[in-house]
Amino acid sequence: MKLHNISFNNLRRRKGKMIFLILGLFIGVATIVTLLSITESMSRDIEDRLDQFGANIVMVPKSDNLSLSYGGISVGGVSYETVDFDESSIGRIREIQNSKNLGAVVPKILGSAEVNGRKVLLMGTNFNDELLLKTWWQFQGDVPGEYELMVGAEAAENLGLAIGDRLSMKGHDFKVASILMATGGSEDGVIIANMKEAQQVLGKEGRVSMVEISAFCRGCPISDMVLQIAEKFPEAKVTALKQAVMSKMQSIEMFKSFSYGIAVLVVFIGSLLVFITMMGSVNERTREIGIFRAIGFRRGHVMQIILLEAMVVGLIGGLVGFVGGNGVAWLVMPMVIKDGAFAGINMTLGGISLLLAVALSLLASLYPALKASRLDPSEALRAL
Amino acid sequence: MATATVEKVEHLFEVRNLGKDYQSGDTTVQAIRTMDFHIDDGEFVSIMGQSGSGKSTLLSIMGGLNHPSRGQMLVDSLDLYELSSEQRADFRSEYIGIIFQSFQLISYLTVLENIKMPMAITGIPAKKQDEMARSVLEKVGLVDKADRLPDQLSGGEQERVAIARAIVNNPPILLADEPTGNLDSETSEEIMKLLMELNREGQTIIMVTHNPDSCRYSGRTIEVKDGNCFLQ
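Chains A and B, in that order, give the protein sequences. Just add 17 to wherever you are in the first sequence, counting from 1, and you've got our numbering. Just add 1 to wherever you are in the second sequence, counting from 1, and you've got our numbering.
The set of hints was computed from the structure by calculation and includes no laboratory data. One thing to keep in mind: the hints can contain errors.
Said to hold, decoys possible - From the structure, some residues in chain B lie toward chain A, with a derived Cβ separation under 10 angstroms:
{"#": "1", "residue": "58"}
{"#": "2", "residue": "67"}
{"#": "3", "residue": "90"}
{"#": "4", "residue": "97"}
{"#": "5", "residue": "106"}
{"#": "6", "residue": "107"}
{"#": "7", "residue": "108"}
{"#": "8", "residue": "111"}
{"#": "9", "residue": "114"}
{"#": "10", "residue": "119"}
{"#": "11", "residue": "121"}
{"#": "12", "residue": "150"}
This structure is a prediction, so every number in the text was calculated from the model and none was measured. Ideal placement from N, C-alpha and C gives every residue a C-beta, glycine not left out.
Just chain A, same shape as in the assembly (with noise of 0.2 angstroms):
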């Protein structure tokens, strides 16, 4: 017999009360896993719809006399004479140094068109580009196809249009497939048509008024991207919507402080669970570690053999934690946030979760362990 096999069999023939302890510890650890990789999970989809909600740079043509304006960006004027790009160039902006960061590219093509004997402004875009960067609008009947168009909500009501109604612009025939709800912003008073139909009417084949474009804001190198597709398109003028980026950091930086605070807190509480846990345990065998002195154990062999049980179960809670949050935060995940996805295992997660959940077993088992070998033997013996 060796002192390790005090320990194991304690270990293998305690189940329950070592399931018990590996509960408390199971239930520290793994609910600081869940509630790490929740607001882990949390932030990212909080940072990714950031991201794609609405754009945050602009590419305009370099032209000062123009006047026309649209999501309060100047682009040209009304004469429509507009410098436009040319739309095979458009690519180039991909080949950008931080081009993983871009997320859509949504060149426009901008002109007056008559409708019903009145002017009106109409807009070619691709609308699952469009739609994508503009989630916020809504709109009634169906995303326009070919021939067809979305019609903003003053545009509607002024030229009397409504869903199924039909419209001729220079020749073409153009069927209402939707009506966009009043945003407040300038696409109220706008035709909007698919990009080629559009360039059609307006006359600008293969020609592109403005670039509208979502960056992804990890890490939000903007101004770098700013300046790298500036250098690709030295006729365009390119501005960052400083106020959408900063105001999307801000949300982030909130956000990130709040489960930083929300993680500190469940830390403390989980580490004060196994603390707790592993303290009574110990405390309870305050008279076998009695029985272990009376017999001739010095201080260090009762502390091996204690210390040694605190590791297993340590290792084990710890273990089963992280599996367990692990599940727990796979199986919440959709719950608390829509269409969201677990994280995936965080490896570093584990390794910590691990240490923490050994490292607080044996401190928790140490001071109890300890008192208790400090007692006369007989003291101890009496302890219960």
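The hints should help you fit chain B onto chain A, whose structure is shown.
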């Protein structure tokens, strides 16, 4: 082991002006007032007294388990309480076997493992440990119950395991605290005969009891009353 020697004494145990006080709230209770006696090598001595007379306290002091408030406890010329608590642990491991009141077996170790427990810190090889444990198990008549856990045994059987554990290392001194306190008279007699046999084999036995019947098995009785002792 460090040696805190005094002048050479001839006795195995020499108890000199020994006293033990306990603090109970604001009052000091004298568990042992003053005791002076000695015990020689190979003796079987009963320490008899009523419950609360201080006899168990005396035994725990003799075993190096409980610090006395005053006086000296010399074992083989060595002042036990001049040693550090770790040195006293080594002393217990080498020289003393203790049979506790209410057995004090480890509930999660089998009979055989409980008996081997004192050898876990000795460096005796596993095979030799097994031989030694089985040999004492045979002596106490529990070979067929080697793999049982303590709670699967009767009181008498648990007492035997406690005795086996106390003698497995062949310690020269055996301290027994009320070894028959929890047993019926028939089992008590068996246990006492076992102790007598061990004594005949050369073990010094010091037994605490409140039962005058048990004293007849020992060679000498020291009576303890109100914290004082009277030699008989």
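Against the structure, the hints come out as follows:
{"no.": "1", "hint": "58", "verdict": "holds (8 angstroms)"}
{"no.": "2", "hint": "67", "verdict": "holds (4 angstroms)"}
{"no.": "3", "hint": "90", "verdict": "holds (5 angstroms)"}
{"no.": "4", "hint": "97", "verdict": "holds (8 angstroms)"}
{"no.": "5", "hint": "106", "verdict": "holds (8 angstroms)"}
{"no.": "6", "hint": "107", "verdict": "holds (6 angstroms)"}
{"no.": "7", "hint": "108", "verdict": "holds (8 angstroms)"}
{"no.": "8", "hint": "111", "verdict": "holds (8 angstroms)"}
{"no.": "9", "hint": "114", "verdict": "holds (6 angstroms)"}
{"no.": "10", "hint": "119", "verdict": "holds (5 angstroms)"}
{"no.": "11", "hint": "121", "verdict": "holds (5 angstroms)"}
{"no.": "12", "hint": "150", "verdict": "holds (7 angstroms)"}
Hint violations for this structure: none, all hints satisfied.
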